[in-house]
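Throw the hints in and build the complete structure from the sequences for me.
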Amino acid sequence: MDLILQPWPWYIGGPLIAISLLLYFYFGQNFGASTNFDTLCSMAGAGKFSDYFKKDWKERDFALMFVIGLIIGGFIAANYLIPNQNIDLNPTTVQELTDLGFSNVGNQYFPDEIFGEDVFSSLKGFLILIISGVLVGFGTRYAGGCTSGHAITGLSSLQLPSLLAVIGFFIGGIIATWFIIPILF
Amino acid sequence: MKNIKFLILGVFFAIVLSKTQAISWYRFYEMFKFQSFHMFGIIGGAVVISLVFMQLFKSGKIKDINGNKIVPKPKKKGFISTIFGGTLFGLGWAISGACAAPIFVILGFKLVPALILLVGALLGAFIYGLLSKKLPN
Numbered sequence: 001m002d003l004i005l006q007p008w009p010w011y012i013g014g015p016l017i018a019i020s021l022l023l024y025f026y027f028g029q030n031f032g033a034s035t036n037f038d039t040l041c042s043m044a045g046a047g048k049f050s051d052y053f054k055k056d057w058k059e060r061d062f063a064l065m066f067v068i069g070l071i072i073g074g075f076i077a078a079n080y081l082i083p084n085q086n087i088d089l090n091p092t093t094v095q096e097l098t099d100l101g102f103s104n105v106g107n108q109y110f111p112d113e114i115f116g117e118d119v120f121s122s123l124k125g126f127l128i129l130i131i132s133g134v135l136v137g138f139g140t141r142y143a144g145g146c147t148s149g150h151a152i153t154g155l156s157s158l159q160l161p162s163l164l165a166v167i168g169f170f171i172g173g174i175i176a177t178w179f180i181i182p183i184l185f
Numbered sequence: 001m002k003n004i005k006f007l008i009l010g011v012f013f014a015i016v017l018s019k020t021q022a023i024s025w026y027r028f029y030e031m032f033k034f035q036s037f038h039m040f041g042i043i044g045g046a047v048v049i050s051l052v053f054m055q056l057f058k059s060g061k062i063k064d065i066n067g068n069k070i071v072p073k074p075k076k077k078g079f080i081s082t083i084f085g086g087t088l089f090g091l092g093w094a095i096s097g098a099c100a101a102p103i104f105v106i107l108g109f110k111l112v113p114a115l116i117l118l119v120g121a122l123l124g125a126f127i128y129g130l131l132s133k134k135l136p137n
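Keeping their order, the protein sequence lines are chains A and B. For the first sequence, the working numbering begins at 1 and goes up steadily by one. For the second sequence, the working numbering begins at 1 and goes up steadily by one.
Because the hints were derived from the structure by calculation, they are not lab data. Note that this is a predicted model, so its numbers are computed, not measured. Treat the hints with care, since some could be wrong.
What the simulated footprint calls covered on chain B by chain A, stretch by stretch (three residues with Cβ under 8 Å from a Cβ of chain A suffice, anywhere in the stretch; the number is not a length) [stated by the list, open to error]:
#1 1-9
#2 27-36
#3 61-70
#4 86-95
#5 98-110
#6 117-131
EDC-like, lysine to aspartate or glutamate: derived pairs with alpha carbons at most 20 Å apart [unchecked claim]:
#7 Lys-73/B <-> Asp-99/A
#8 Lys-33/B <-> Asp-99/A
#9 Lys-133/B <-> Asp-64/B
Note that the Cβ used here is the ideal one computed from N, Cα and C, for glycine as well.
Written out as structure tokens, the structure reads:
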């Protein structure tokens, strides 16, 4: 039980993610998560506004089950498998974020400065979440995939567009982390 | 009920992402600052092992549950769309610390903030759907 409750190292995580991909393909489907944003839009009736969403979402019922599984898994992990959310961060990271005004750096998975429960009382906090959500949703559909679809499936099947997409992910990520986060906080 | 296996796989994948801290905002900050090997190890390790699986799919040594050959779908091509779309995704990913699958996992941790992220992501996908024919590829 101790082994399960401890944080898992990267060399356990990489192989387990690869096994998830293997099982996804073994079950007859392509591994990826961002197409679900389209599927959920289709379900919500976005087909009335654009032909792009006129798809039969029932064909993707397997993916919706996966999404429900992700939520349940997150709930199980949060409540039963992670007794404390301490993260062994690089001391430089801790110092930098503390200097930016973040509190409790590395003592929880999600900083209160972004994931605090008062998101509806702080316009700035609300905008940060909603706009980054829009960027994730729009960007991933424009690029044709996300971390699972491009970075893991696409790179491992040696597809050139995925390499370009991953380069894009890092350009955006570096711009955000080095230049935008210090302005926001 | 044939899809229950995907539900179980979702639970498994969520637990893996949670236990390895691959859904933690701080881990992505650290990665984009090149201050830790952790996330590079996870993603790199997943890619290297998946590469071996892909070869086994290609040679037909691993077939799917129905005995069919496994062929990953070709990704859509387009220089501008992949680079520019990827960059926008990267901006949102680094600021929120959430990519597509983790948004759902985070719902289990931080329900209300993750719901706002999810609404944003659906709005983003919706905007893409409206504009898709007009955007450069």
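Now the hints, each set against the structure:
1. 1-9: holds (count 7)
2. 27-36: With 9 residues in contact (Cβ-Cβ under 8 Å with chain A), the coverage given for the region 27-36 of chain B holds.
3. 61-70: It holds: at least three residues are needed, and the region 61-70 of chain B offers 6 whose Cβ sits within less than 8 Å of chain A.
4. 86-95: Holds: 10 residues of the region 86-95 of chain B have a Cβ under 8 Å from chain A.
5. 98-110: It holds: at least three residues are needed, and the region 98-110 of chain B offers 12 whose Cβ sits within less than 8 Å of chain A.
6. 117-131: holds (count 14)
7. Lys-73/B <-> Asp-99/A: Since the Cα atoms of Lys-73/B and Asp-99/A sit roughly 45 Å apart, the hinted pair is violated (cutoff 20 Å).
8. Lys-33/B <-> Asp-99/A: holds, 15 Å
9. Lys-133/B <-> Asp-64/B: violated, 35 Å
The structure is inconsistent with the numbered hints 7 and 9, although it conforms to all the rest.
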